[in-house]
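K.L.:
Residue strings, one per chain:
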Amino acid sequence: QTVEHGFPHQPSALGYSPFLRLMAIGTRSGAIKLYGAPGVEFMGLHEENNTVMQIHFIPDQCQLVTLLDDNSLHLWSLKQHSGASELREEHRFTLKGPPGSPPSATQITAVLPHSSREVLYLGTESGNIFVVELPSFRVLEDRTITSEAVLQRVPEDYCNRRSCELVEALREHPKNPDQILIGYSRGLIVLWDLQNSKVTHQFLGSQQLENLYWQRDGSKFISCHYDGSYTQWPVSSDNRQPEPLENVVPYGPFPCKAISKIYWQTTKNGLPYIIFQGGMPRASYGDRHSISVVHGSQQTAFDFTSRVIDFFIIFSSEPTAEFDDPSAMVVLAEEELVVIDLKTAGWPAVHPPYLASLHCSAITCSHHVSNIPLKLWERIISAGSKQNIHYSNMPWPIDGGTNIAPDPPQRDLLLTGHEDGTVRFWDASGVCLHLLYKLSTVRVFLTDADPNDNMNTLGEDEWPPLRKVGTFDPYSDDPRLGIQKIYLCKYSGYLAVAGTAGQVLVMELNDEDAEHVVDHAEADLLQDQEGYRWKGHEKLKTRDGPVRFEAGFQPFVLVQCQPPAVVTSLALHSEWKLVAFGTSHGFGLFDHQQKRLVFVKCTLHPSDQLALEGPLSRVKSLKKSLRQSFRRIRRSRVSSRKRRGGSGNAVEVQEANAKFDQDALQEMELAPVQRKIEARSAEDSFTGFVRTLYFADTFLRDSSRHCPSLWAGTNGGTVYAFCLRVPPAERRMDEPVRAEQAKEIQLMHRAPVVGILVLDGRSTPLPEPLEVAHDLSKSPDMQGSHQLLVVSEEQFKVFTLPKVSSKLKLKLTALEGCRVRKVTVANFGSCKTDDYSENDLAVLTNLGDIQIISLPFLKLQIRYPCIRKEDVSGIASCVFTKYGQGFYLISPSEFERFSLSTKWLVEPRCVVDTLEVTSNNHVHTKSGMENAARKS
Amino acid sequence: EFRRFSLERSKPGKFEEFYGLLQHVHKIPNVDVLVGYTDIHGDLLPINNDDNYHKAVSTANPLLRIFIQRKEDADYSAFGTDTMTRKKNVLSNVLRPDNHKKKPHIVISMPQDFRPVSSIIDVDILPETHRRVRLYKYGTDKPLGFYIRDGSSVRVTPHGLEKVPGIFISRLVPGGLAQSTGLLAVNDEVLEVNGIEVSGKSLDQVTDMMIANSRNLIITVRPANQRNNVVRNSRTSGSSGQSTESSLPSSTPNILANFLQGEEESDEEDIIIEDSGEPQQIPKAARASESLESLTQIELHESTQNGFLPSAEMNLNHSAGSISMEHEVQDPDHKSLEEDGTIITL
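Line order of the protein sequences matches chains A and B.
Mapped onto the numbering used here, the consecutive letters of the first sequence carry residue numbers 1 to 936.
Mapped onto the numbering used here, the consecutive letters of the second sequence carry residue numbers 1 to 346.
Hints are computed from structural coordinates only; laboratory data are not their basis.
The C-beta atom is built at its ideal place from N, Cα and C for all residues, glycine as well.
Watch out, some of these pointers could steer you wrong.
[Claimed, not checked] Which stretches of chain A does chain B cover? Using the computed rule of at least three CB atoms under 8 Å from a CB of chain B, they are:
1) 776-789
2) 894-906
[To be verified] Computed from the model, here is a short list of chain A residues facing chain B with C-beta under 8 Å:
3) VAL673
4) GLU678
5) ALA679
6) MET748
7) HIS749
8) SER806
9) LEU810
10) ASP913
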């Protein structure tokens, strides 16, 4: 496993170091990820797997402190090791109170790393502030700031009404490191002098406090409150208990939600930026996840697609600079990262080079294409750049660290198909998975939602000035649009895409916008089978007349399978201009040059009623899915604000949950899981389900003449071979393509056929179409005899061609009990010598382990455990590359990349320059201290 | 009918070819017959496999007398030691069975007319507490019929008794193969599947292993009921059940194992349907070309966006498949032929 691509699942905390220019994201599962310049990435995992609550970088150091929800603190540092930096956990610490004190006494609520880098101030639920030394985490008891000491000088009547309660915020004075501002949740704010251990100023707030922020010069600070207001307070030596300068409820006068975080940024022109999270009118916009930016008369409330976890502002961090001059706002929402350019008029978003939300619509399939020719690469990028004009062209503002990984050796594309009918093209060459281009198939069809209708159109005079930002949109208009299979020919630029409702689209790359009619053909896979009725979904309605397509891949023909069941396999041969497709009913071959159906073959067993009616098609009725979408929206709107106040309640809930789990467990033990042992028979349902399709130019009929052929494998262990007659190029349009069934092989073990492959006379897999024409592969050996490899879920079998007789086999399931889930031919090179390479099978089993099996002798070479066997979606999402790498989903939004090859390895390798700080660095690692750092 | 023909003594070929030759020279291609010969002692001995066929050829001096009987009205008693000398009239019996006035003979079927359903094997190498059962699955007429579940059993380990997870039989399907053998019972612990230990494997893995091996499933169990175990050395036996079990001849497993060796191979044989005529399939060339014709028809239909193989052609394909089976699958056993014929997916 080399690197994780995409957006972290369930992020829970955000941190930023203006010194390192690195951003840190913590997750609910205890992972911590650091990002800088593209390619600069670090990852660590807390052993406890607890939620990361807060992340704080130590000022001017390569260190950071994380607070987990079990109240433990962890110190991480970036250290150079054999030329590259690594993230390691150095220390861990749990604050302990005096014996007998309640747990809340030491429950940490606020953390302040002091600019001296020597101490951490830890605000707690009890109102006391503990001081711990770094990096040893030794508690300096004599320096503890107790709430009693703070309350000494506060007027009695104020104290009586409001006790201190928990520490909500701790802020160091920007100019004077000996003073810290302490905010308590009931509204009291004090300025504490560390030298004399006493309160110098007190600010008697009347509203429940949420957060604090200093103005750059330290003459003022701003506080934000639970009622949706913010207040400015002056700090001067003549008034020790000042009144607020200004109290504003930005979205009043009706009750508003809390403002949970606020920034006050000064600029050269005098007009400050006030940036705050929340504060929306409770009744009408209480469900919005917003951050408002106010600059003079300009005000925008950025409306995020999911809950805002945290945000920060990138501003001038030079101590000598007079103004903040903010340049960008970085917002971590639950499902995506949004960066807003504050320098450019209109505050456009910045296109992030990493942390892409893979799941903006649920991923339904993926397809990887290695070694893309430069020409195609450039055309895809140019098509994509036309889609990204609304982004800011500001360079990526988080640019810490240096990427020292070698340039990716080749251009790789990862295509993901999504539930909403889009295909996204990702640059998968390097560490940063970057969106190049997005293709939508929706335009071909008539759907309820008009794609032209903009949901974001809001009137000018509308208040609050909401503006939708972000791309996360998991609500599919119509599940039938979902993409199930993708096949891209990298040489010709032909793309075939097939979907949930039996639609197969063939597309061509066009650099210009175009308006044209999409040709339409039907493939009746049931043919003359009588008495069958399809009870599944209907086919998608197509748009009549010409359709306007933007530059990029433009569909020119649509083949609609009847019945409109999910397309389960797809193959495209760009040289012969043929596309083959299969469903649970059969398969067909379409000539996309002449736009003519060549043949269809029904693979159904007459008794297979289930497949005919289609109740197992995963797609429920449209109505039902819409209802579920709404339910999902509602659920996500019930804001699950983390609040420590309700901790007693949470404990109860936890206990109830634990009890429920126990009950469930007992129930399970009472009724044990049983498995039926039955030989497979032809009557099993879904035997006709077409699992794999394969084009090959081989010896199908006799050993003297080879011909184009199409191979299909079904769920019932049948392989069909069709002999094709493709007219030569000059008569390609005049003569029809012909097909004759030549062979039918029934595997006696009847396991589903998951892969078919023909090996040439040198036992090398046949090259891809057009590969030889582009001089990228040796032409196949047509002298020696060809062999057919059939991979079922249970066995690998090699047969001779043209007379099919069994030559070799490798049984997998009979011996190990595991089944083949994915199989690909992978080319393995040597990292030592350039001229060595071999082809093997890369196999993923249902147990999540990866096996390498040699060709053509089918010897098991090596086996690695890779994915947890319980992670069914991870196993189902796995895709191998042609050069021994692969991807699988570790969450709906993240791909894990792995490499089986020593030669082709893509992993982050980067340096964070620490020379500057090592001179006065007093960090020492105690030997023998447990290092829990892990690099995945 | 009498026929005389010559055979190459040094290269007699296979029994099957010889059988085919007999059917051919007698022009009875689809009639099942019993083949016998008289050896030097005058005994009428059967020819039904390669071994006794070769033996028969080697005894020819130079003539070999072969008797062929129609299977349905064969007289099995004719075979055996001394048959030719004891019953001088064997020939007349064979030729004119109607004249045979003896009371109807009780027909005891030949071994090849039976098929094993299950067997206990490896009794000599397994601990007495374990039982290795082989289930033979033919066709789809009778399901294997049992269920397995997770459970825990107690093992003796270096650290004393330990509870370890195990796989158990949870249910037998009434009328299923497993139940009919009487060798497997609910709560028997499954220890091995086809020689591979199941410990450390998940329920799903074990399920997949059993299904993958379902055509020749050998499971080793620790029976929940330990009273019916096979006792190897003849200790004083109490219950009658025990004595019947222990009286199983020790040679039986080996015989069956040998029998199965061939069976296993044929199990693995996949079916191929060729639409082009193979040289060996000259008799079926007509059929093959017919189906070829049907394919050309398809092409014609296709241009009018119409149909596929009409059902009649499908049947042709079907029968062509089962016939080519005869050549591909070594075992000419009628049962398996029938079975394989029905599973061609169309």
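K.L.:
Hint by hint, say whether it matches the structure.
P.N.:
Okay, the hints, checked on the actual structure:
Only residues whose C-beta sits within less than 8 Å of a C-beta in chain B count toward coverage, and the segment 776-789 of chain A has 0 of them, not enough to reach three; the restraint is violated. Counting residues of the segment 894-906 of chain A whose beta carbon lies closer than 8 Å to any beta carbon of chain B gives 0, which falls short of the minimum of three for the stated coverage. The restraint placing A/VAL673 at the interface with chain B holds, with a minimum CB-CB distance near 6 Å, inside the 8 Å limit. With 8 Å as the threshold, the beta carbon of A/GLU678 comes within range of chain B, its nearest partner Cβ sitting at about 6 Å, so the hint holds.
Interface restraint check for A/ALA679: the shortest CB-CB distance to chain B comes to about 4 Å, inside 8 Å, so the restraint holds. With 8 Å as the threshold, the beta carbon of A/MET748 comes within range of chain B, its nearest partner Cβ sitting at about 5 Å, so the hint holds. Because the closest C-beta pair between A/HIS749 and chain B is about 6 Å apart, less than 8 Å, the hint holds. Interface hint at A/SER806: satisfied, since its Cβ lies 7 Å from the closest Cβ of chain B, which is below the 8 Å cut-off.
Interface restraint check for A/LEU810: the shortest CB-CB distance to chain B comes to about 12 Å, outside 8 Å, so the restraint is violated. Hint status for A/ASP913: violated, given a least beta-carbon distance of 49 Å to chain B, over 8 Å.
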